[in-house]
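Visitor: Top to bottom, those sequences are chains X and Z.
Using my numbering, the letters of the first sequence correspond one by one to residues 1 to 114.
Using my numbering, the letters of the second sequence correspond one by one to residues 1 to 110.
You may find that some hints are simply not true.
[Stated by the list, open to error] Think about it this way: if two alpha-carbon atoms lie no more than 25 Å apart in a straight line, the pair counts; the simulated DSS-like pairs of lysine-lysine are:
| no. | chain 1 | residue 1 | chain 2 | residue 2 |
| --- | --- | --- | --- | --- |
| 1 | X | Lys44 | Z | Lys67 |
| 2 | X | Lys62 | X | Lys44 |
| 3 | Z | Lys36 | Z | Lys67 |
| 4 | Z | Lys67 | Z | Lys56 |
| 5 | Z | Lys36 | Z | Lys70 |
| 6 | X | Lys27 | Z | Lys36 |
| 7 | X | Lys71 | X | Lys51 |
| 8 | X | Lys44 | Z | Lys70 |
| 9 | Z | Lys68 | Z | Lys56 |
| 10 | Z | Lys70 | Z | Lys56 |
| 11 | X | Lys44 | Z | Lys36 |
| 12 | X | Lys62 | X | Lys27 |
Hints in this document: simulated from the structure, not taken from any laboratory.
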Amino acid sequence: NAGVMQNPRHLVRRRGQEARLRCSPMKGHSHVYWYRQLPEEGLKFMVYLQKENIIDESGMPKERFSAEFPKEGPSILRIQQVVRGDSAAYFCASSHRDRIETQYFGPGTRLLVL
Amino acid sequence: GEDVEQSLFLSVREGDSSVINCTYTDSSSTYLYWYKQEPGAGLQLLTYIFSNMDMKQDQRLTVLLNKKDKHLSLRIADTQTGDSAIYFCAEQTGANNLFFGTGTRLTVIP
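Turn these sequences into a full structure, and let the hints steer you where they fit.
Guide: The structure is reproduced here in structure tokens:
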């Protein structure tokens with residue numbers, strides 16, 4: 001009964017490259033959320049998705065960031081042309097459609113931009 | 001807008017009770033949460049409380065909610081060294097996303 005899976009756990013990119021972060025929700029969960037945690041800070045909401053739909057992207061930077069949750073496969077958070085300020089831990093959470101008040105978090109992907 | 005505040009650090013002796021406090025500003029929050037984060041790990045949901053409740057107890061954990069003062073607390077009884085971690089308070093906003101505080105780093109002294 002696997003929990004929320006994220007990969008890679010650690011990702012190193014040079015400035016200008018692309019970063020792709022993947023999230024597989026818990027079995028049976030159709031709601032996915034992405035959060036970012038900067039060093040020594042709390043988590044900040046980025047985007048909320050259901051299968052094939054973006055429900056709320058109010059926390060996403062306007063440029064370079066995109067997210068998807070296709071019908072098949074994991075949710076992807078994509079960061080184009082990364083900059084040093086993108087270095088952070090990115091956490092995915094998922095919830096069941098009948099218990100959306102309960103979000104379960106993955107272990108996170110730690111992105112380091114050199 | 002939402003704002004969730006917590007004190008940054010708390011130290012307690014093993015066996016004592018820990019009380020971690022949190023204040024929030026969004027009176028329309030429906031649920032309030034406590035998450036635990038150990039070094040290099042994700043967030044573990046400890047407990048949560050519906051906004052029309054005053055108290056919730058779960059084994060060593062007691063959550064108190066004062067909705068009038070917008071104050072939430074987490075009490076850990078008989079604190080153990082394994083409880084050392086960062087504890088985040090969070091509120092669920094109307095948009096269903098969670099708004100987190102900056103976290104309280106709990107250190108348990110043997």
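Visitor: Run the distance test for X/Lys62 versus X/Lys27: straight-line Cα separation, threshold 25 Å.
Guide: At roughly 31 Å apart (the allowed maximum being 25 Å), X/Lys27 and X/Lys62 break the hint.
Visitor: Between Z/Lys67 and Z/Lys56, is the straight-line Cα distance small enough, at 25 Å or below?
Guide: Roughly 14 Å separates the two Cα atoms, so the pair holds.
Visitor: Would the pair Z/Lys68 and Z/Lys56 pass a check requiring their Cα atoms to be no farther apart than 25 Å?
Guide: holds (17 Å)
Visitor: Assess, step by step, whether the Cα of X/Lys44 is no farther than 25 Å from the Cα of Z/Lys36, and give holds or violated.
Guide: holds (16 Å)
Visitor: Are the Cα positions of X/Lys62 and X/Lys44 separated by 25 Å at most?
Guide: holds (15 Å)
Visitor: Need the status of pair X/Lys44, Z/Lys70: alpha-carbon distance at most 25 Å?
Guide: holds (21 Å)
Visitor: Can you confirm whether the C-alpha distance between Z/Lys70 and Z/Lys56 stays at or below 25 Å?
Guide: Distance ~16 Å between Z/Lys70 and Z/Lys56 Cα, so the pair holds.
Visitor: Does X/Lys27 pair with Z/Lys36 here, judged by a C-alpha cut-off of 25 Å?
Guide: Roughly 22 Å separates the two Cα atoms, so the pair holds.
Visitor: Regarding the pair Z/Lys36 and Z/Lys67, is the alpha-carbon distance no greater than 25 Å?
Guide: holds (23 Å)
Visitor: X/Lys71 and X/Lys51: Cα distance at most 25 Å?
Guide: holds (6 Å)
Visitor: Assess, step by step, whether the Cα of Z/Lys36 is no farther than 25 Å from the Cα of Z/Lys70, and give holds or violated.
Guide: With Cα atoms ~21 Å apart, Z/Lys36 and Z/Lys70 stay inside 25 Å; holds.
Visitor: With the threshold set at 25 Å, check whether the alpha-carbon distance from X/Lys44 to Z/Lys67 stays at or below it.
Guide: Distance of about 23 Å is within 25 Å: holds.
Hint check: a violation occurs at hint 12 only; the rest are consistent with the structure.
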